[in-house]
Amino acid sequence: MGSGRFFGGVHPSYNKGLADSSAIVEMPLPERLVVFFAQNLGVPSQPVVKKGDEVKKGQVIAEAGGFVSTPVHAPTSGTIGSIDIYPSPVGVDAPAAVLVPDGKDEWFEGCNVERSSEGLGVKKIKEMIHDKGIVGMGGATFPTHVKLSPLAEKKMDLLVINGAECEPYLTADHRLMVEHAEGIRDGASLFATVIGVRNVVVAIEKNKPDAIEVMCKAVVGCQGFSVEAMDVIYPQGAEKQLIYTLTKRKVPAGGLPMDVGVLVQNVGTALAAYEAVRYNRPLIQRVVTVTGSGIREPKNVLARVGTRFEDLVKFCGGLEGDAAKCINGGPMMGVAQYSLDAAVTKGTSGLVILRQEEVTQFVSDACIRCARCLEVCPMKLNPSALSIFIEKMRFEDANEYNVMDCIECGCCAYVCPSRRPMVHHFRRAKAEVRKLQRKTG
Amino acid sequence: MARKDLEVLLEDNMEGKTPEEKPAAEPTHEKPAPRPGPRPKKAEVGPRFVVSSSPHMHDGRTVSQIMRFVIIALAPAALYSIYIFGLDALRVILISTASAMIFEAISQKIMKRPVALRDSSAALTGLLLAMNLPSTSPWWLIVVGNFFAIVIAKQLYGGLGYNPFNPALVGRVVLLISFPVHMTARWVTASRFGTDAVTTATPLSQMKESLATLGHIDIAFGREEIFDLLIGNRAGCLGETSVILLALGGLFLIWKRVISWRIPVMFIGAVWAMTGIFHLFDPAHYIDPSFHVITGGLFIGAIFMATDYVTSPVTKKGMLIFGAGCGIITVLIRLWGAYPEGVSFAILLMNAATPLIDRYTKPRVFGAVDTKAAA
Chain A
1 MGSGRFFGGV HPSYNKGLAD SSAIVEMPLP ERLVVFFAQN LGVPSQPVVK
51 KGDEVKKGQV IAEAGGFVST PVHAPTSGTI GSIDIYPSPV GVDAPAAVLV
101 PDGKDEWFEG CNVERSSEGL GVKKIKEMIH DKGIVGMGGA TFPTHVKLSP
151 LAEKKMDLLV INGAECEPYL TADHRLMVEH AEGIRDGASL FATVIGVRNV
201 VVAIEKNKPD AIEVMCKAVV GCQGFSVEAM DVIYPQGAEK QLIYTLTKRK
251 VPAGGLPMDV GVLVQNVGTA LAAYEAVRYN RPLIQRVVTV TGSGIREPKN
301 VLARVGTRFE DLVKFCGGLE GDAAKCINGG PMMGVAQYSL DAAVTKGTSG
351 LVILRQEEVT QFVSDACIRC ARCLEVCPMK LNPSALSIFI EKMRFEDANE
401 YNVMDCIECG CCAYVCPSRR PMVHHFRRAK AEVRKLQRKT G
Chain B
442 MARKDLEVLL EDNMEGKTPE EKPAAEPTHE KPAPRPGPRP KKAEVGPRFV
492 VSSSPHMHDG RTVSQIMRFV IIALAPAALY SIYIFGLDAL RVILISTASA
542 MIFEAISQKI MKRPVALRDS SAALTGLLLA MNLPSTSPWW LIVVGNFFAI
592 VIAKQLYGGL GYNPFNPALV GRVVLLISFP VHMTARWVTA SRFGTDAVTT
642 ATPLSQMKES LATLGHIDIA FGREEIFDLL IGNRAGCLGE TSVILLALGG
692 LFLIWKRVIS WRIPVMFIGA VWAMTGIFHL FDPAHYIDPS FHVITGGLFI
742 GAIFMATDYV TSPVTKKGML IFGAGCGIIT VLIRLWGAYP EGVSFAILLM
792 NAATPLIDRY TKPRVFGAVD TKAAA
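Chains A and B, in that order, are what the protein sequence lines are. Per our numbering, the first sequence starts with residue 1, numbered consecutively. Per our numbering, the second sequence starts with residue 442, numbered consecutively.
Simulated from the structure, these hints should not be mistaken for laboratory data. A quick note: this is a predicted structure, and the numbers were derived from the prediction, not measured. Be a bit skeptical, because a hint or two may be false.
[Stated by the list, open to error] Lysine to any residue pairs mimicking SDA-like chemistry, simulated, CA-CA at most 25 Å apart:
#1 K154(A) x S494(B)
#2 K392(A) x W702(B)
#3 K16(A) x I658(B)
#4 K392(A) x R427(A)
#5 K248(A) x G808(B)
#6 K123(A) x K248(A)
#7 K380(A) x W702(B)
#8 K16(A) x A140(A)
#9 K248(A) x N674(B)
#10 K758(B) x I407(A)
#11 K380(A) x V615(B)
#12 K553(B) x A366(A)
#13 K380(A) x Y338(A)
#14 K380(A) x R805(B)
#15 K16(A) x K124(A)
#16 K430(A) x V146(A)
#17 K430(A) x Y801(B)
#18 K392(A) x V810(B)
#19 K380(A) x E320(A)
#20 K430(A) x V556(B)
#21 K124(A) x E114(A)
#22 K248(A) x V806(B)
[Claimed, not checked] Between beta-carbon pairs, the in silico distance windows are:
#23 M393(A) x L520(B): 46 to 54 Å
#24 K206(A) x R559(B): 53 to 61 Å
#25 R394(A) x L773(B): 33 to 41 Å
#26 M393(A) x R489(B): 26 to 34 Å
Glycine is no exception: its CB is placed at the ideal position from the N, C-alpha and C atoms.
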């Protein structure tokens, strides 16, 4: 396997030591859960419950709204208290069901039953992955069954299980690999079967030597499996950069990994898929790293989907007095929360709480054209020029300078001495360009 | 989910409403008067946080830190100029830096911009201009130069980040054209090495004179002369003299990743290569390339002026082109121009080409589809 080194990247302070040695702990059921109906990228799911309904753990509460959509399941047994608009962790208010647990945590009929995954057909596996609501758990929440359906003309030859976890602070995937290596491996085998590839690489950054060791042991004797230790550089775990590091193949601009015959799945997704197929367990819980200097006891928490951030923070000892920023996800790409009212979704990999002194104010001083952003942009864009265009509302020019290829990794803003809010500009430009494209045709 | 369905669903299932209130079997889509938008949440007491776009981390580098690095890199050469030219050099540096900062503050006040002396960019411009002046400069000359540098070349264009031309060089060139006598005819050799400060010509103008009067180069360029040039025992601006210290400052900036090697190396390399070719063919009329490299303002220009962020390209290829262009224009002026030295003009001319260079050296996006192959 050729090992490349992608262009650009940065070395932020990783601060993973806060939580990387604490084992995953299951959080007791909170008083209420707020389960959002839209838990995947693509088409939102259709609610099938109403206020007052009794539901069992694992029962479908929202059905898939189309092909690029997945069902949502009740994370425990209890009563639907209400359905209302709640602040979602990605910044928009969205409809959600409030589930009041009855404390019995009773499984829905047929769920959590062990069965053999031997000899299951491709179609059946994909169906189960869809029915159990599996989505990409690295944060994007793209429905997994869709990713497992590459176009027939694409010749797939490699499955990458992404355990890079290049975001600073986060240790959820790290702990998963240390504690559930076999499950991840078996989930990977399922994916490999579905897309018909023999080669599976588990890709891990070198700052997780224990995870590399455990994964290596787990794949001993598995034909086609290997573990790749990668250099520590952000954004090593970004799909296109990861594929380049491992294979030197470049995903074409605007294209998908399947264009170069590769499928990338997160380690958490692999484990969730394994549990879905083997135990008929829907995706109703996930590991969330609650960490940062603003939280008293950083932990890797196994939390039910719907766990409110407030409860999560309480479980981790509460906030430090000068906690000033709360981020859903990692500090490079995560979404800042206004309050602790939002709740865990299938894509919540972490809750990072920073203190006042660590909060960076992006003030948008003039660009001094120092070119540091060009040096770090892993997509080889010219963020400096882009941000100047966008400030002047020149979105066509931004498009010509490939703003649509921006992966929003935040490297440019991370190094900008003028503290310009680069990613904010680029998100805006992408929306404006899409609007223009719709208009013209 | 259709918008209307969602509203109905919410209407029926909100908190404080019991399911019995819902009329049985009524087709939900006929419900009148849909709720106008999401209901505002009751204000709950809980912690509130700072909200901003990602990323939420920063490497800590600031504009003023960068400016300070450049000042530190320039400091050895500046101190050395005081050592060799005496207190006159200190006088030039102080007047220049102070007047630059005063002009900056006044113009920012008048233009109702935040006064940003703390970013040190004005101090740096003042220091750079001082390094481009002879130690004999009268105080008014320095002040006029800084007026053009800060007010005309920088603040009128919009301040730091918006100036198309290097402010210090604009200041220097205005003085060079307007007050040629003060700027070029009153050189003193470093007093530290001679008995007194003697009025004399710079090595480059000596060369030009000997070409004009004798028709060929008549300048000794042996080991002793090279040594003198390297340690700064010659006439020139404050910053022209100590090639070694300027080079050390450049290495410091490259080490600290403040500047890239591209512009200085291409600039100096182009001067050396081009003058080298002429020297090979006609040594009587074209002096040794090393003489061109270590005389004049080449080092301070290539390391400290051409690398000015705002006025030089941001792309890697662009930096190479910019550096080479500066070198070529410098040689053209030195060999055939009216002035003995061309570094300042060369950089300013290339400043004008910077937007164009950036445009034509746009980096190819990762995974760019090769249009030629597709066609």
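Hints, verified against the model:
no.: 1; hint: K154(A) x S494(B); result: 36 Å, violated
no.: 2; hint: K392(A) x W702(B); result: 32 Å, violated
no.: 3; hint: K16(A) x I658(B); result: 67 Å, violated
no.: 4; hint: K392(A) x R427(A); result: 15 Å, holds
no.: 5; hint: K248(A) x G808(B); result: 11 Å, holds
no.: 6; hint: K123(A) x K248(A); result: 31 Å, violated
no.: 7; hint: K380(A) x W702(B); result: 20 Å, holds
no.: 8; hint: K16(A) x A140(A); result: 21 Å, holds
no.: 9; hint: K248(A) x N674(B); result: 55 Å, violated
no.: 10; hint: K758(B) x I407(A); result: 24 Å, holds
no.: 11; hint: K380(A) x V615(B); result: 39 Å, violated
no.: 12; hint: K553(B) x A366(A); result: 16 Å, holds
no.: 13; hint: K380(A) x Y338(A); result: 33 Å, violated
no.: 14; hint: K380(A) x R805(B); result: 7 Å, holds
no.: 15; hint: K16(A) x K124(A); result: 39 Å, violated
no.: 16; hint: K430(A) x V146(A); result: 24 Å, holds
no.: 17; hint: K430(A) x Y801(B); result: 23 Å, holds
no.: 18; hint: K392(A) x V810(B); result: 28 Å, violated
no.: 19; hint: K380(A) x E320(A); result: 39 Å, violated
no.: 20; hint: K430(A) x V556(B); result: 34 Å, violated
no.: 21; hint: K124(A) x E114(A); result: 16 Å, holds
no.: 22; hint: K248(A) x V806(B); result: 15 Å, holds
no.: 23; hint: M393(A) x L520(B): 46 to 54 Å; result: 48 Å, holds
no.: 24; hint: K206(A) x R559(B): 53 to 61 Å; result: 40 Å, violated
no.: 25; hint: R394(A) x L773(B): 33 to 41 Å; result: 36 Å, holds
no.: 26; hint: M393(A) x R489(B): 26 to 34 Å; result: 31 Å, holds
Going down the numbered hints, you'll see the structure goes against 1, 2, 3, 6, 9, 11, 13, 15, 18, 19, 20, 24, while the others check out.
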